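Given the sequences, and given the hints that come with them, work out the whole structure.
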Amino acid sequence: MNEEKKSKQNIACLSGTGVTKIFGMGKEKTVAVDHVDFQFREGEIVSIVGESGSGKTTLTKMLLGLISVTEGEICFQGKPRDIKGYWKKKEYWKGIQAIFQDPFSSFNVFYKIDQVLLDCIKMRGGTRLSYEKKVELMTEACSFVNLKFEELTNKYPFELSGGQMQRLMIARIFLLKPAILLADEPTSMIDACSRATILDMLLKLRDETNMTIIFITHDIGLAFYISDSIYIMEHGKFVESGPAESVILNPQAVYTKRLINDVPKIHEEWDLSTV
Amino acid sequence: MGKTMLEVDHLKTKYVTRFGENVFAVDGVSIKIEEGKSLGIAGESGCGKSTLALSLMGYYFAPLHYQSGTIKVDGVNITGMKPDEIRKKVLGNEIAYIPQAAMNALNPTQKIFSFIEDVIKAHDPGVTKKDIYDLARERFEILGLPESVLKKHAVELSGGMRQRTVIAISTILSPKVLIADEPSSALDVTSQKMVIKMLKNLMEKGFIKSMIFITHELPLLYNVTDEIMVMYAGQIVEQGTAREMVFDPLHPYSKGLMGSILVPEKGAREAKLTAIPGTPPNLKNPPKGCRFADRCSYAKPACMLHQIAESHLENGRMFRCYLEEKELREVYRDE
Amino acid sequence: MKNQIRQIFHSPKFKVGFVIFAALLLLTFFYPLIVTDDPLEMVGQGNFFKPGTYISVTEAVNTDPYTLNMNTSSGRMEKNLSMEERMAMADWLGQFAGLSPKEMDVTDADGLVSLWKEHYDSSSEQKGLIAARKKYFSRLDKKITGLLEDRDILLAEKNKETGELSVKETIPSTSYVNVSDVGSRRVFILGTDNFGRDVLTELVAAIKTSLKIGFIAGLIATTIGLSLGLIAGYLGGFIDDLILFITNLFTVIPSFILLILISYSIGKNARGVMMVAIIIGLTSWTWTTRSVRSQVISLRNRDHVNLSKLSGHSLFRIILTDILPYIASYVVMALILQISSGILAEAQLSMIGLGPATTTVSTLGLMMNWAMSYSAHLNGDWWAYFPVIISIALISFSLNLMNTGLDQIFNPQLRE
Chain U
2 MNEEKKSKQN IACLSGTGVT KIFGMGKEKT VAVDHVDFQF REGEIVSIVG
52 ESGSGKTTLT KMLLGLISVT EGEICFQGKP RDIKGYWKKK EYWKGIQAIF
102 QDPFSSFNVF YKIDQVLLDC IKMRGGTRLS YEKKVELMTE ACSFVNLKFE
152 ELTNKYPFEL SGGQMQRLMI ARIFLLKPAI LLADEPTSMI DACSRATILD
202 MLLKLRDETN MTIIFITHDI GLAFYISDSI YIMEHGKFVE SGPAESVILN
252 PQAVYTKRLI NDVPKIHEEW DLSTV
Chain R
569 MGKTMLEVDH LKTKYVTRFG ENVFAVDGVS IKIEEGKSLG IAGESGCGKS
619 TLALSLMGYY FAPLHYQSGT IKVDGVNITG MKPDEIRKKV LGNEIAYIPQ
669 AAMNALNPTQ KIFSFIEDVI KAHDPGVTKK DIYDLARERF EILGLPESVL
719 KKHAVELSGG MRQRTVIAIS TILSPKVLIA DEPSSALDVT SQKMVIKMLK
769 NLMEKGFIKS MIFITHELPL LYNVTDEIMV MYAGQIVEQG TAREMVFDPL
819 HPYSKGLMGS ILVPEKGARE AKLTAIPGTP PNLKNPPKGC RFADRCSYAK
869 PACMLHQIAE SHLENGRMFR CYLEEKELRE VYRDE
Chain S
6 MKNQIRQIFH SPKFKVGFVI FAALLLLTFF YPLIVTDDPL EMVGQGNFFK
56 PGTYISVTEA VNTDPYTLNM NTSSGRMEKN LSMEERMAMA DWLGQFAGLS
106 PKEMDVTDAD GLVSLWKEHY DSSSEQKGLI AARKKYFSRL DKKITGLLED
156 RDILLAEKNK ETGELSVKET IPSTSYVNVS DVGSRRVFIL GTDNFGRDVL
206 TELVAAIKTS LKIGFIAGLI ATTIGLSLGL IAGYLGGFID DLILFITNLF
256 TVIPSFILLI LISYSIGKNA RGVMMVAIII GLTSWTWTTR SVRSQVISLR
306 NRDHVNLSKL SGHSLFRIIL TDILPYIASY VVMALILQIS SGILAEAQLS
356 MIGLGPATTT VSTLGLMMNW AMSYSAHLNG DWWAYFPVII SIALISFSLN
406 LMNTGLDQIF NPQLRE
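Chains as they are written, first to last, in our numbering: chain U, 2 to 276; chain R, 569 to 903; chain S, 6 to 421.
For the record, the hints were derived by calculation from the structure and aren't laboratory data. Keep in mind that this is a model prediction, so the values were computed, not measured. Among these hints, one or two may not hold up.
With a straight-line Cα cutoff of 27 Å, these simulated BS3-like cross-link-like pairs (lysine-lysine) come out [stated by the list, open to error]: (1) S:K314 <-> U:K80; (2) S:K314 <-> U:K123; (3) S:K55 <-> S:K140.
If you want it as C-alpha cells, here you go:
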C-alpha cells in the first residue's frame, strides 16, 4: 500500500460517539443500541458482526437516517450530521446508500426494472439527459455487474433470479456512486455459487471509486474473508473491534471467542464438547 | 459391514403446481445408508433437497406425487403401502422427520409431555402414562435436556431448546432413519452447535440407527456426517466421504460449491472464492443432457446431448459427469 | 396483473359469487327494459294479492263460452277443498262447535261441509284464535258458500226507461272460457304488496336502489378508512395515536346505534336514499382504517420502501407507488365487504323505520318494512317479504363468496 493511499484511508468518513437507540418508554423500554463508538475510514471495508437481536439492523437504520438517534452523535465526512427535513435527507442519501438482505423484497414488484435505474439517474441530477444518454448510463451500470440491459429492460423484478436482483442492486449503487455503502447481509439469501460474484463486484466497486463499504452480517466467515476491520456486536454493544486478522485469529472478548469457537470449521477441529 | 437401514433405488417424484405444471424435483435418486452411518445432502435452494426429504418418507400427498422407484426401510419396501398404513407403521418408529421450522410446530396450548404421550400412544395404545413418563425422563436425561422441560409449554422454551425438544420428541420411538431438513439453520451458532451435539449423541447411543442431514451449509455438513451427496437440479451429482467431498471434489459443480466455503480460519482470507455463473435449470422442463452443462466451464458439446450416467469408483465414490476421473483431475491440475 | 386476474377466475368460489352477482346486476338493467311499468304504480285496490294471473271478469263474461261437461255439483267439494282446509274445518268444529272427532270424517267432504254450514258463524266469539286465523276461516266459509252455489248465474240488464231488470244472458255452471281469449289480464308473478303494487317489478327496482346505497356507502367507508389508515400507518407517532384514538372511539360505540341516532336526528325530510347511503358510509369506516393501518405498518419497514426513501422519493410518492399497490387487493376485498354490509345496514335501518323516508323509490329494506307493518308475515302473504329476504341473502352471499375467492388468491396461506 503506498503512502498516498494510506493517508487517504485515515480520513474518517463516518464516525459516531455514544450512539444509542431506545425503543418504547417506561417499563417497556428496550435498549437496541447502547452507546456505541465507531470510526469508519474512507475506502475501508468494515464488517459489523452480530447474531439476530444484537441490534445491528437498528444501527444500520440509524446510520442510514431511516430512524432517529436517541442519544449520541454521528459525524458524516468530518462534520456532525444534520438530516432534519426532506431536502437535507435527500442530500445525505446522495452520500450514503444501502443494499438490503432480501433482494426479493427490495424491489417494488409493480414497477419495471428500468424505473429503479432511472430513479438513480434522476437522483444524480440527470433528469434532463436525453433518453439515449440514460440508456447508455443504464447499460454501463448493468454491464458492470455482468448483466445485459437489453435483456432486463421492460421486465418486472419477479422475472429475475435472486442473484440477478442483487446484482441489479449493485448496479444501482454503481450509478449513484455514494461515499458510503451499507450492505445489510447482501449474500445471505443468495446461493453459495453466486455469493462470490456479488462479493467480487462489491470489491471492484470499492477499488474503482474508493467507496467505504460497511457489511452487516451474522456470518463471521464472510466477515473475515472480505473486511479490513471488524466490529463484533452483542446486545447493542460493540464488544470487540479492530483489524480482521487480529479480531478473528486472536480474539480477546469472551463473546468473540465463543462465537468463533461455535462456528463449524474445516481445517481446524470443531469442538463439540464446549457447549 | 453393517445392516442396510435405508435403501432408495431410482426414486422419482414430482410436484404439480396450481396451474397443473409438473415440476420434476427428484429425478432418479439412489441412496444407501448402513446402520450407524450418517449421510449429508447438500445443494442450493431449489435443487430439490427438501422435496427429496419429503419423498423419502413414502408419504405422498398433493402437490407431491410419486412416480417410480423403491424405498426400503430395513429391507421392507414401503413404496406400495397405503398412506394410512405408512402413517401408522412407518412414520415415527421407522422414519422420523424434522423440518426446518420444527420448533414452531408445537401446539402452544399443550405441554411437552403430552406430545410425547401422543406420539407413543399413536403407535402403542396400551402403554401406561407412568411408563411413558419414565421413558421420556430417561431419554431427556441422556440427551442433556432438563426434566422440567416435560412439564412446560413450548412457548416457555427458547428457540434452541425448543428445537432440541422437538428432536427428542420425534426420536422417542428410536426410529431407524432420521431425516433432518435444515434442523439448525434458523438458530444462532451456539444453539446450532447444541443441536448438532444432540444429534451426534442420538447416533452414538443408538437411539437413531442412521441419519440423513440436509443443509446448504457445507462446513456444518463436513462436521456432522460421514458421507456427503451433492444434489443439483433434482439429481445427485456426486457422492463420497465428507473428507473427500470437501477437499477433493470431482464434479465441476461440487468443486464450485466447495470453493465457496467461507470459514473464520487462518488462511481463509487468502483463498480465492469460486463463482459459478448462471442459474440452475427450470425443473419444469429439465435439459436433456447434463443438467449442469450450460454453467460448466469444462463442458463439451457432447454433454448437452445425452443423459449422463453415474460413474462409480472402486472406493464407493460416485459422480455424474461426462468426463472421467482422470480427465477431471487433469483439467483441475492445469488451472 | 393479467396473471392474477386469470387466477381469480380460476377460483370456483369467486366464479359462483361473481355469476350470482352479475345475474342480479343484469336483472336490474334488463328487467326495466322489458317491463316498462312504473315499479311503484298502485295497480291493485287492496292488500297483498296472491301471485297468479288476473283476468278481467267483464271480458270473461263477454267472451264466447265453451261448454265443458265436468265438475258439476257432485264431487266439486272433493276437488276444491284441500285436505289442509278440511283439517282446519274439523279443528274449528271440534274447538268451537263442540263436535267430537268421531262425528267428523275429513275424507267425506260433503258431510264435513254440511256440518260446517250448520255450525259456523263468523261473528261468534272464537276465543284463542289470532286475527289472521279468524280471517282464514271467514275466507274459507266464503269459498264453501261459493262452491255450494250451483245455480246458473243470470246477467240482467236495466231498462233505462222503466228501470226494470230483464234477463240478458244466462251463464250455466258448465260454461268455461279460455284464458287466452280474454284480452285484459295481468300476471303478478310475485303477487302484489300492501299498496297493490307488483312485487316483482318493485323488487327489481329495490335491488337496484339497494345496490346503489351499498356502493355509495362502501365507497365512502373505504375511502375514509383507506386514507386514515394510510396516514396513521405510514406516519406513525402522534398522528397515528390521534387517528387510532378517533377510530377506537367509533369502534366502541356500536356503529348501528350511531346509525340510528344520526338517522333520527337529521329528520324525516332530509332522509333520502343518498343521505342514508352517506350516513351508512360515515359510520362504517372504522375497521377498514384499523386493518389498512396494520397492513401499512408491516409494509412500512419493508426493504423496498426503505430503498424508495433512499432514492429520495417524497412521502406522497412512496405512499402512492410503494404502499398502495401492495394493499390494493386487500382494499378491494374490504370494499366488497363494505358494500355487502352497507346493503344489510340499509335493510336494518329501514326495518325499524329509519330508512329513506320516501314513497317514490323502493329499497329492499323498505319493502320489508312495508310488508311487516301490514302484517304480511302474520297473514301468510309470503310473496311480500320472502323474495326480498332471498334477494338480500343472495346479494350478501355472492359478495362474500367473491371476497373469500379473492382472499384465497391473495393470501397464499389460505390456498388449498
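Hint check results:
1. S:K314 <-> U:K80: 23 Å, holds
2. S:K314 <-> U:K123: With Cα atoms ~14 Å apart, K314 (chain S) and K123 (chain U) stay inside 27 Å; holds.
3. S:K55 <-> S:K140: 15 Å, holds
Figure legend: structure checked against the earlier numbered hints; every hint is met.
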